[in-house]
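Student: Heads up: the protein sequence lines correspond to chains A and B, in order. The opening residue of the first sequence carries number 1 in our numbering; numbering runs sequentially from there. The opening residue of the second sequence carries number 254 in our numbering; numbering runs sequentially from there.
Hints are computed from structural coordinates only; laboratory data are not their basis. Predicted model only: the values in this text are computed from it and were never measured. Ideal Cβ positions, reconstructed from N, Cα and C, are used throughout, including at glycine. Certain hints may be false.
[Unchecked claim] Computed list of chain A residues with no C-beta within reach of chain B, every gap over 12 angstroms:
1. Phe11
2. Ala43
3. Val93
4. Ile201
5. Thr224
6. Ala238
[What the hints assert, rightly or not] Computed Cβ-Cβ distance ranges for the label pairs, DEER-style:
7. A:Ala72 to B:Asp408: 48 to 54 angstroms
8. A:Val150 to B:Ala418: 29 to 35 angstroms
9. A:Glu60 to B:Tyr488: 41 to 47 angstroms
10. A:Asp30 to B:Phe291: 31 to 37 angstroms
11. A:Trp245 to B:Ala418: 32 to 38 angstroms
[To be verified] A short list of chain A residues far from chain B (calculated; beta carbon distances all over 10 angstroms):
12. Gly22
13. Arg24
14. Leu39
15. Val46
16. Gly49
17. Glu95
18. Leu147
19. Leu159
20. Gly202
21. Ala220
22. Gly225
23. Phe226
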Amino acid sequence: MKQANLVGWLFVVLVTGLLEVGVRLFELRDSVPAPSAVLRALAEGVSSGTLSGEVGTTLESYAEGLGLAIAAGIVLGLVIGSSRTLLEASSIVIEFLRPIPAVALIPLAIMVFGLGLPMRRFVIAYAALWPILINTLYGARGADRLLHDVARTSGVTGLGRLVSVTFPAALPSIATGIRVSASLALLVGVTAELVTGTEGIGSYMQRQQLAYQLPELYAAIVVTGFLGYAINVALRRAERHFLFWVGEGRLAR
Amino acid sequence: MTAAFLNRVGRRLLGAVVFGAALGIWEAWARSEPSFLFPPVTAVLERAWQVWPTTDFLTSVAASLERLAAGYALGAGIGIAAGLLMGSLRAARRTLEPLVEFLRAVPPVAIVPAVIVVLGLGNGMRIAVIAFAVCFPVLVNTVEGVRAVAPETRDTAAMLHLGLAETIFRIYLPAALPSIVAGLRVALSIGVIMVVISEFVGASDGIGHYILFQQSQFNVPEMYGGILFLGLLGYVLNRLFLLVEDHLLSWHFRAAGEPTR
Numbered sequence: 001m002k003q004a005n006l007v008g009w010l011f012v013v014l015v016t017g018l019l020e021v022g023v024r025l026f027e028l029r030d031s032v033p034a035p036s037a038v039l040r041a042l043a044e045g046v047s048s049g050t051l052s053g054e055v056g057t058t059l060e061s062y063a064e065g066l067g068l069a070i071a072a073g074i075v076l077g078l079v080i081g082s083s084r085t086l087l088e089a090s091s092i093v094i095e096f097l098r099p100i101p102a103v104a105l106i107p108l109a110i111m112v113f114g115l116g117l118p119m120r121r122f123v124i125a126y127a128a129l130w131p132i133l134i135n136t137l138y139g140a141r142g143a144d145r146l147l148h149d150v151a152r153t154s155g156v157t158g159l160g161r162l163v164s165v166t167f168p169a170a171l172p173s174i175a176t177g178i179r180v181s182a183s184l185a186l187l188v189g190v191t192a193e194l195v196t197g198t199e200g201i202g203s204y205m206q207r208q209q210l211a212y213q214l215p216e217l218y219a220a221i222v223v224t225g226f227l228g229y230a231i232n233v234a235l236r237r238a239e240r241h242f243l244f245w246v247g248e249g250r251l252a253r
Numbered sequence: 254m255t256a257a258f259l260n261r262v263g264r265r266l267l268g269a270v271v272f273g274a275a276l277g278i279w280e281a282w283a284r285s286e287p288s289f290l291f292p293p294v295t296a297v298l299e300r301a302w303q304v305w306p307t308t309d310f311l312t313s314v315a316a317s318l319e320r321l322a323a324g325y326a327l328g329a330g331i332g333i334a335a336g337l338l339m340g341s342l343r344a345a346r347r348t349l350e351p352l353v354e355f356l357r358a359v360p361p362v363a364i365v366p367a368v369i370v371v372l373g374l375g376n377g378m379r380i381a382v383i384a385f386a387v388c389f390p391v392l393v394n395t396v397e398g399v400r401a402v403a404p405e406t407r408d409t410a411a412m413l414h415l416g417l418a419e420t421i422f423r424i425y426l427p428a429a430l431p432s433i434v435a436g437l438r439v440a441l442s443i444g445v446i447m448v449v450i451s452e453f454v455g456a457s458d459g460i461g462h463y464i465l466f467q468q469s470q471f472n473v474p475e476m477y478g479g480i481l482f483l484g485l486l487g488y489v490l491n492r493l494f495l496l497v498e499d500h501l502l503s504w505h506f507r508a509a510g511e512p513t514r
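Whole structure, please, built from the sequences with the hints as guidance.
Tutor: Following this line, the structure appears as structure tokens:
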């Protein structure tokens, strides 16, 4: 249904070409590297394993933190969302914690967990928790009352109703939350690496900037961009695959 | 005083009671087992009460707000302009789409080191990275809002021989406004996040710098105070935004039959 956008990709090539010419003509190499140099650095970084190693480190804490947030967010969201009393009871605590940007917790998390993986796991999980939790809450609230009543009269008990009625009903909303969380978590993870400068693609960028290795720095940015892009595409695909019953229009974004 | 009303008040109170209880438990725990990293709530509030009104702190807040305002305005402006263009001209959309799709997938913090190389460690760098992050949610929502304009409306505009500029400003922009505003709201919280991130590197003022500095000095209650302030700021900004939104979109909510919030 969607054919390749030739014009768009030609435009990308054109912009890259113009950048190359501009950098060479005006000798801007000290502030912006030529795309050809970036490509070379990219190829070198990937083949030597430095870049891919850093990406692996980043992905590890990312996957763990996000996974934790998905599990906690869905369970908490379903339980809280299926009871009005719990919803009201937790409302002010949630409203209080939600607006605190996770990046602001990085200094605190460093004090508590140190500079390594546990700290990143925590801030990523914290950042990713809120969109998933809130969306699961909404999804659970929006579950059709009729389905609940049918399940109840059919003798399905509390936990069973949660798993077989509320959860599937909330799934489209949960998926939206996960998509929002996925990019937020990457942002927070890279920020934590940049601030601590120990390991991961964020700290690699910081080192390249300090060493004034601009092609290597830009290669890392491009890789991070591809990473974000790949995550977006993968999630959209997964959503379409697993949530096939939801209208295409809703999933198109 | 119906039972339902009492019930509702009771539920509202429940939230406050749970919140108070959580703070109380934290307080009691922090007092019974004094821990350097988890100071009592009252100690944090006491320090906040002393620190927040000082000129030093307020100057930092002002610096952050200035960066946010400048970056937000710049990013939103670019996002709306590019979004209107891409939404109304198929050629522009096809041309720019792959580039935009890639750029918006880049976590905005990743461009910070590159922007530092070009713009140095000053305000320009901070404003640029905030604008970069703010731009994309606004752009995407603007494109979507414009594309959702009914074909009949488009045809009517064509029939009336409206020029491109007129079509954009008199038809697409108002029609896309609810969607644009939704994007602006998402962008606001991203903007706050980017302010903090941009102030983590080489800043001498701003709330992000304040939090990191207090951490480096092991002033734990002050650090908590900074985090708390940021949370409050985010909350207040969001509330203000909702007020403006209600005002700006009252016609839309009325037309859509939604109750004004």
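Student: Each hint: holds or not?
Tutor: Hint check results:
no., hint, verdict
1, Phe11, "violated (5 angstroms)"
2, Ala43, "holds (19 angstroms)"
3, Val93, "violated (5 angstroms)"
4, Ile201, "violated (8 angstroms)"
5, Thr224, "violated (4 angstroms)"
6, Ala238, "holds (16 angstroms)"
7, A:Ala72 to B:Asp408: 48 to 54 angstroms, "holds (50 angstroms)"
8, A:Val150 to B:Ala418: 29 to 35 angstroms, "violated (55 angstroms)"
9, A:Glu60 to B:Tyr488: 41 to 47 angstroms, "violated (33 angstroms)"
10, A:Asp30 to B:Phe291: 31 to 37 angstroms, "violated (47 angstroms)"
11, A:Trp245 to B:Ala418: 32 to 38 angstroms, "violated (43 angstroms)"
12, Gly22, "holds (13 angstroms)"
13, Arg24, "holds (17 angstroms)"
14, Leu39, "holds (15 angstroms)"
15, Val46, "holds (17 angstroms)"
16, Gly49, "holds (20 angstroms)"
17, Glu95, "violated (8 angstroms)"
18, Leu147, "holds (24 angstroms)"
19, Leu159, "holds (23 angstroms)"
20, Gly202, "violated (7 angstroms)"
21, Ala220, "violated (8 angstroms)"
22, Gly225, "violated (4 angstroms)"
23, Phe226, "violated (8 angstroms)"
Hint check: violations occur at hints 1, 3, 4, 5, 8, 9, 10, 11, 17, 20, 21, 22, 23; the rest are consistent with the structure.
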